[in-house]
Amino acid sequence: MATIKSSYEGNLRTKMVHLQSGKEIITDAPLDNNGKGEAFSPTDTVAAALGSCMVTIMGIVAERDGVALEGLTWEITKVMQSDPRRIAEVIVEFHWEKPVGSPAFLQKLKNAAKTCPVALSLHPDTKQTVHFNF
2 MATIKSSYEG NLRTKMVHLQ SGKEIITDAP LDNNGKGEAF SPTDTVAAAL GSCMVTIMGI
62 VAERDGVALE GLTWEITKVM QSDPRRIAEV IVEFHWEKPV GSPAFLQKLK NAAKTCPVAL
122 SLHPDTKQTV HFNF
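Sequential numbering from 2 applies to the sequence shown in the working numbering.
Take these hints with a grain of salt, some might be off.
[To be verified] Below, simulated PhoX-like cross-link-like pairs (lysine-lysine); rule was C-alpha separation at most 25 Å, straight line:
no.: 1; residue 1: K111; residue 2: K99
no.: 2; residue 1: K99; residue 2: K109
no.: 3; residue 1: K37; residue 2: K16
no.: 4; residue 1: K111; residue 2: K79
no.: 5; residue 1: K99; residue 2: K115
no.: 6; residue 1: K111; residue 2: K37
no.: 7; residue 1: K109; residue 2: K16
no.: 8; residue 1: K24; residue 2: K6
no.: 9; residue 1: K6; residue 2: K16
no.: 10; residue 1: K109; residue 2: K128
no.: 11; residue 1: K99; residue 2: K37
no.: 12; residue 1: K37; residue 2: K24
no.: 13; residue 1: K99; residue 2: K128
no.: 14; residue 1: K115; residue 2: K79
no.: 15; residue 1: K115; residue 2: K128
no.: 16; residue 1: K128; residue 2: K111
[To be verified] Computed Cβ-Cβ distance ranges for the label pairs, DEER-style:
no.: 17; residue 1: D126; residue 2: N35; range: 18 to 28 Å
no.: 18; residue 1: D66; residue 2: R86; range: 20 to 30 Å
no.: 19; residue 1: A105; residue 2: G60; range: 16 to 26 Å
The set of hints was computed from the structure by calculation and includes no laboratory data.
The beta carbon of each residue, even a glycine, is placed where N, CA and C say it ideally should be.
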């Protein structure tokens, strides 16, 4: 059974609908690749998926240990390569001003993030640089 139904909307825009929830995501080609850049590009969604997957797995670990991750934020930088055009690197920078837990617990969170399904699914040539500021 399909998870996502998608359509081409013209002008290098796509629409994807998550069938279970009905939520939509629109993508546009980026300005540097003939697009309008009015929404996430497909490669932006890959980079965003890495960060959100890392935090989701960290959240599962934290909930299991009774720890709240409130206040945790992150920034994503996507680095493109031109020949062939692909994502060369995704940089994820986590910020948590008031981390909760022991050093061992914080290391467990870091390990969980680096082994999330998206991190393990990206091609080995796609560099993943992760900074934990906590």
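List, from low to high, the hint numbers that the structure doesn't satisfy.
6, 7, 11, 13, 18
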